[in-house]
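Each chain, letter by letter, is given below.
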Amino acid sequence: MSVFARPTMNEARWLRFSALAGKWKRDGLIEADELTRIRAAPAPWRESSVRIILFLLTLLAVAALYFFFQEIGVPAGIVTSIIACSAAELMIRRGRFLHVGPEEALFLGGLFALILGLPGPSQVEGLLLFAAASFFAGWRVLNGLFVVAGFVFIAAYLGLRLESLLLAFLFCLAVTVFSGLIAKRFVTDPWINACAEWTVLVLPITSFFLVRTMENDPAGTRFQTYVAVLALLSALLIGSGLKTRARFILLSGLLLAAAVAIQLSLLLDARAEVLLIAGGGLLLAIAWSVTRWLRDRVTGLTARRVGALETPEITPFLAAPLLHTEPVEEPAAFEQKGGSFGGAGSSGSF
Amino acid sequence: MLSFEPEILEGVSKGLLTERSARRLLPYERRETFSIYGELRLATWLAVSLLATGIGIFVTRNLRQTGPAVLITVLALASAACYAVILAKRHAPQRWPSSLLDDYILLLGALLLSANLGYAESQYHLLDAFWTEHFLLLAIIHGVSAYYFNSRTLLSLSLASLASWSGFRGDLGVGQGTALAGRALIASALTVLWRLGNRAFPARESFNPVFDHFIVLLSLFGALVWLFDPRFEFLGLLVVIGVSVASLAYAFKTGHEAFAVYAIAALFIAVTYELIHRIVGGNAALSLLALLLTSIAAVIALYQVHRRLKEER
Chain A
217 MSVFARPTMN EARWLRFSAL AGKWKRDGLI EADELTRIRA APAPWRESSV RIILFLLTLL
277 AVAALYFFFQ EIGVPAGIVT SIIACSAAEL MIRRGRFLHV GPEEALFLGG LFALILGLPG
337 PSQVEGLLLF AAASFFAGWR VLNGLFVVAG FVFIAAYLGL RLESLLLAFL FCLAVTVFSG
397 LIAKRFVTDP WINACAEWTV LVLPITSFFL VRTMENDPAG TRFQTYVAVL ALLSALLIGS
457 GLKTRARFIL LSGLLLAAAV AIQLSLLLDA RAEVLLIAGG GLLLAIAWSV TRWLRDRVTG
517 LTARRVGALE TPEITPFLAA PLLHTEPVEE PAAFEQKGGS FGGAGSSGSF
Chain G
229 MLSFEPEILE GVSKGLLTER SARRLLPYER RETFSIYGEL RLATWLAVSL LATGIGIFVT
289 RNLRQTGPAV LITVLALASA ACYAVILAKR HAPQRWPSSL LDDYILLLGA LLLSANLGYA
349 ESQYHLLDAF WTEHFLLLAI IHGVSAYYFN SRTLLSLSLA SLASWSGFRG DLGVGQGTAL
409 AGRALIASAL TVLWRLGNRA FPARESFNPV FDHFIVLLSL FGALVWLFDP RFEFLGLLVV
469 IGVSVASLAY AFKTGHEAFA VYAIAALFIA VTYELIHRIV GGNAALSLLA LLLTSIAAVI
529 ALYQVHRRLK EER
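So the sequence lines, in the order shown, correspond to chains A and G.
Per this note's numbering, the very first residue in the first sequence carries number 217; after that it's consecutive.
Per this note's numbering, the very first residue in the second sequence carries number 229; after that it's consecutive.
One thing to keep in mind: the hints can contain errors.
[Unchecked claim] Dumping the calculated EDC-like pairs for lysine to aspartate or glutamate here, alpha-carbon to alpha-carbon at most 16 Å:
hint: 1; chain 1: G; residue 1: K481; chain 2: G; residue 2: D440
hint: 2; chain 1: G; residue 1: K481; chain 2: G; residue 2: E540
hint: 3; chain 1: A; residue 1: K400; chain 2: G; residue 2: E257
hint: 4; chain 1: G; residue 1: K538; chain 2: G; residue 2: E485
hint: 5; chain 1: A; residue 1: K400; chain 2: G; residue 2: E260
hint: 6; chain 1: G; residue 1: K538; chain 2: A; residue 2: E263
hint: 7; chain 1: A; residue 1: K239; chain 2: G; residue 2: E485
hint: 8; chain 1: A; residue 1: K459; chain 2: G; residue 2: D457
hint: 9; chain 1: A; residue 1: K239; chain 2: G; residue 2: D440
hint: 10; chain 1: G; residue 1: K242; chain 2: A; residue 2: D249
In case anyone wonders, no lab produced these hints; they're calculated from the structure.
Just so we're clear, the structure is a prediction, and the values are computed from it rather than from any experiment.
Just chain A, with the same shape it has in the complex (with noise of 0.2 Å):
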């Protein structure tokens, strides 16, 4: 075993999947014997459904740790970290946990518990230290969500630290153009896809709040010509997302393209309901739009449900694919399993 724990790629792919097969059994993808039969198959790695609270309650537990050393008079930050990190080591070792939320939250705060412990006054460089543990922390228990923290820690330093809103701006809009490059391309490893997934989806909109917070004037040309680059960059995103077909690329133009219409309508100087009841039509006639234009899709881009797609005219052109793309292995499998005439579910005689 390396000096690191970590699930092979194959495994934290077969996790992923796993996972994923319960949300096709609630779209109706596959049927509730196949995800018993899934979720039978040996995990070498644990996660939980309930990640989020119990990282939550674990973060709580970190603090409270902390602060109760603190009152005691221990060198609350070490100590902290020591027990917080060597604990999550623990569980990732013996326990082989992997997104299970204790172990994620365990070493981040242990890592910012030490951050928080040095000594000396509080300087902005302490968010390089917070970029750098959030970076570690991510990396070792493959939580792209923690990546994320440390570029916006670092895009926080250089606008605080320089007091560069256009260095802060174009580090973001460079981190967002590389990790989108990636996030559209097909890629193997869940962990590097879900990091230029989530950067995709987070570093935009922070620059968009980088904007805002530093940019004094909102009707000044500079403010406007952020503004401006940012609904380019939106409209990109959208672009982007809907022809590479990348949810997440969609998703951060979408997100953005509300920023900065909201941004927008705020210059327009209108009453508060006006802006509310214009934005919500619009809003609700493009949606209108959109489904009324893919009413009758079913393949490509499409408004129908996920698992409502299965119609007797799309099933022939969906069996062609797997046709040319059978697995390697038994490919002999299915008449020896199958029924003695039929096909494709409707074996007669299985």
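Given chain A, work out where chain G should sit, using these hints.
Chain G only, in chain A's frame:
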């Protein structure tokens, strides 16, 4: 983007998935089919929320300029139009096929109706001292609509109106906590009765989870408010324990993890509060230690329950 095409094909070869399921899954994994159903639903919900909020503010700000009669008429017409669209779609599905927007158009109509009825009552005092009865009227209207249109969204709105009628949304002033808790528990008891009555409508069995969530959340809220009142602390603790145990049992019976989460979260709050206020007193270090221990206990309990539920599934 991740694609689980290799795992799906491997699953078929290992007999975990059928060929039929693989045919359903592969177009999504290959991005040959890309559904934006969820995004459109979210956009529609957001649009309805914006419209309802905007109209609410508009009504409040324009009382003097337009007069109540005009506003009430306009809101009634808008609400009726929403209901009419859905009724038309229901009666002539060939001509107007249903779409994902329907549920939210219905919600908009119901929200406009609620706002209009509340506004009319505030202007004309039709029910005078019994003005809170208009919540009951709304609960009935939304409830009947929920059954007619088979809409869980309207059912939630109806249950919220019922909770308001029982006084759950009373003033949160000093000394009001105990009464608030009692009213929350009354609303919960009424929801239990309604859920029992729902047995007469087998076609609306899908409503049961909505009732269950309301019952447990209202009960736990009421019990926790009692717990924080020194006069009812013991009773509150008993109710929290009782409802939590029932909620846990229900989670194991149905496999719905959310009820286990509600139970453990409520027990965590109750036990931490009791430990800090009853046993530890004002000692900060011991209070933090108590919080640490209860947090760890809650994490372990939730994880164990989660594992057991997973095994049972």
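Structure-based check of all given hints:
Restraint check for K481 of chain G and D440 of chain G: the C-alpha separation of about 13 Å stays at or below 16 Å, so the hint holds. Between the alpha carbons of K481 of chain G and E540 of chain G the distance comes to roughly 10 Å, so the proposed pair stays at or under 16 Å and holds. Distance check on the hinted pair: K400 of chain A and E257 of chain G sit about 14 Å apart at the alpha-carbon level, within 16 Å; holds. The hinted pair formed by K538 of chain G and E485 of chain G meets the criterion: a straight-line CA distance of about 9 Å does not exceed 16 Å.
In summary, the hint linking K400 of chain A to E260 of chain G is supported, as the alpha carbons are separated by about 14 Å, within the 16 Å threshold. At most 16 Å may separate the alpha-carbon atoms for a hinted pair to count; K538 of chain G and E263 of chain A meet this at roughly 11 Å. Our distance criterion of 16 Å between C-alpha atoms is met by K239 of chain A and E485 of chain G, whose separation comes to about 15 Å. For the hint pairing K459 of chain A with D457 of chain G, the CA-to-CA distance comes to about 58 Å; that exceeds 16 Å, so the pair is violated.
Our distance criterion of 16 Å between C-alpha atoms is broken by K239 of chain A and D440 of chain G, whose separation comes to about 22 Å. A threshold of 16 Å between alpha carbons decides the hint, and for K242 of chain G with D249 of chain A the separation of about 14 Å falls inside it, so the pair holds.
Consistency with the previously given hints fails for numbers 8 and 9, ordered from lowest to highest.
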